[in-house]
Every structure is written in C-alpha cells, then in structure tokens.
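Below are the chains, spelled out letter by letter.
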Amino acid sequence: MRVVRIAAIACVLAAVPASAAEEADDPDNFFFHKPGVAREAALADWEECRDLASAVEPPRGPSIYTPTVAGAAAAGIVQGFIRGGQRRHMAEAAFRKCFQVKGYARYEISKEEAKQLYSGGWKEMREKLADKAAGPAPSQPALVP
Amino acid sequence: MSRPMTRRPALALLAALLAVPAAAPAPAAEVLKAAPARLDPKLAYILVRLGKRDEKVWNLVSFYRYDPEAQDLRGKGRAKSNPVPKGEDKAAVIAAKPFLVEDGNYRIYLVAVTPGRWVIASSPTTSYSLGSWQFDAKAGEITHVGTLYMGPENGSSIWPKLAGIHSAPDIEKRAYTVADALLVEPATDATPVPDSLAAFPRRGAELLPAPRFGNHSGQMINAALPLGTVGSP
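Residue numbers (this note's numbering), protein chains in the order written: chain Y, 1 to 145; chain P, 146 to 378.
Next up, chain Y with everything else stripped away, as it sits in the complex (with noise of 0.2 Å):
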C-alpha cells in the first residue's frame, strides 16, 4: 500500500518509481483538489509544487571515518539509502505543505485510482493531476494537510 503513495511522489518528481516502502499512519493514497480552481491554475500549481518539492535535499551527516576503503564503501552506501528515504518523505511533506498553501485540500483514493492517476510521464500525468485537482468536489472528509 505503502509503496504506491512513495512510487507516486517519485513518479511526479523525476517520472521514475521509487522502491522503498515504509509504514505510516496517514492514508496511502491521495490527490489534491481546491473547489473552483482553473484548470490552467491547477497545472501550474502542479508545475510550481513540483519545482519547489524536487529541490529539497536532506541535510548532510558527519562524515563516518573508517579505516578500510570497504568500510567507506559500505558507510557511502548505508548513507545513500537513509538519505534517499528522507529525501522521498521532506519531497511528500514539501508537496503537500505546497498544495495546502495554495488553498488545496487532500484527499483519499483508492489504490487503483492511484495506480491510474500516478501513471505515465509527467506530462500525462499533470493533465490527469490538474484534471482531478478542478474536478468535482469530492464527497468524503478532506485529510490532515
């Protein structure tokens, strides 16, 4: 479940899936919507969001001393795949601190809905984006932002 909401961020950052899955409290799956949004506004917002939530980098460790060029190695790694995770999780908080400035709110969707939604190139997937974020006003409880 976990994966397809990480895959998503990652798709609309760089239109590649992410693999790593972790656990959460929060819905797995969701979209933005903003009742009376322009069309063309909410592709833009999309455009800016992602922008800003693609350029944030987790901040930098201290670097780890190991005495073997192996030991670095593995010390470059494990710290590549904790900064990967972080990055994905501040890129999830950045676009949804993004779209709640903007006056949108978050929704829940089903797993399929996501898969559909979250689907192609970033170019296909805005248009859906945009479409579903000017779409009719969903009928279940907006999320915490």
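What the hints contain is simulated information worked out from the structure, not anything from laboratory work.
Glycine residues also receive a C-beta, built at the ideal position from the N, C-alpha and C atoms.
Please note that a few of the clues may not be correct.
[Unchecked claim] Residues on chain Y that point at chain P, a partial pick, calculated with CB under 8 Å: (1) Asp51; (2) Val56; (3) Pro58; (4) Pro59; (5) Ala94; (6) Cys98.
[Said to hold, decoys possible] Facing chain P, from chain Y, some residues (calculated, C-beta under 10 Å): (7) Asp26; (8) Met90; (9) Arg96; (10) Lys97; (11) Pro141; (12) Val144.
Place chain P on chain Y using the hints.
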C-alpha cells in the same frame, strides 16, 4: 643585467596599486559585533530582533537580494538574468553570534549590507519560497525589520502563536519533514532599539509581500504568516 630593469617597474606598479586608497569595497554583509561609530553612506544597515528558537537554541535567518519582477532570488531561477553585480552582497546570514544585545529570549542584530531590495529567505530548515516579505534597505540608514519568530510547526515553539501550529501526525513523526513557521512583527516605536544606535537615521522597513521564489537552498518550504504579533512565552 636586465633583471633590475624589469623588477623596478613591477615593484613601482605594486606600490602604486597598494597606494590607491578607496578602491577596496567596504566590509559587506557583515553582522556587526558592536554599534559602528558612524554609518557608512555607501552601505545599508538591517536591524532585526530574533526570538529564540526554543529554550536552548538561538535562531538563524538568511536574507537574499530579491528581484520583485521575476519573483526570484537575484541570479537564480526566474531571475537568472539579473545577477547581483560582482562586489555586492547576494545574501546575509544571521546566526546566533555575533549580536548587539541580548535581552531574555531575544537577540538584536545589525547587519551592514549592499543597499537594495532584500527578502527574508530562510530559517535553519525552511525556505519561504511560497511567500515571504521583501523590503528596501537604503544606503546610509538603518532599516528596522522588526522581530522575527521562527520555529517548527509541531507545537514545540516557546512562542504561543507558533506553538498553536501543527503538521499532520505522519509529518511531525519525522523532524526533518517539519517546516518552520515564520512570523514577522513589524518594527514599531515600542520595538526595542539599542541605545548605541539611537542617534543614527532609522526607518521601519516597508514590508511588502514577496509572492514566491525558487527553493534554491534545497530546504523544506513554507509561506510566512501574515504580519502580526506573537504573544509572550
């Protein structure tokens, strides 16, 4: 034979270069340790009071030169074609030290900068790319920005208005995903100013919305809160 002949002009040229008095730029984007004896008419001075980040930690804020037309930091993103000329300040960073005065949960800072349009750009963790405040810092005078309060949106701030701001539980669970709130309390006659600065020309910053700029620092993002007051801790 020829060496002394060629060395003499070189030494003379060096002496001539060293003798030129006013070519060196004045110290810039310098956070001052003490009030200056006089204001340099070529520089602007940003006066700002920072509220403590939490019980133990002082705050950090960065200012950046802003292009209000392109709505970006000068020389970056949409304002790439409008870089800050060489020798001028692009940014000014205020960290815990040096400061002019400490008073309880506040520290007051004075920064000498290149005159121009500046924006409050970022906190230790957050770029205010989604909306901040811009102002002009004019040469030969002190621009009083007021008081800045910054802290994570997870209820941990010592400042009541910031402490009331929370993020979603899954975001608060990971500290590195929590953005900082920023509240600017504009300078008023009641805002404390060190006695050592009282004689200098000073004006309250005219704070204008800076609608957006790129996330060039790679931090979390947020929008500054509306101008207001924060309440006592």
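> Looking back at the hints listed earlier, which ones does the structure fail to meet?
Replying inline: 11
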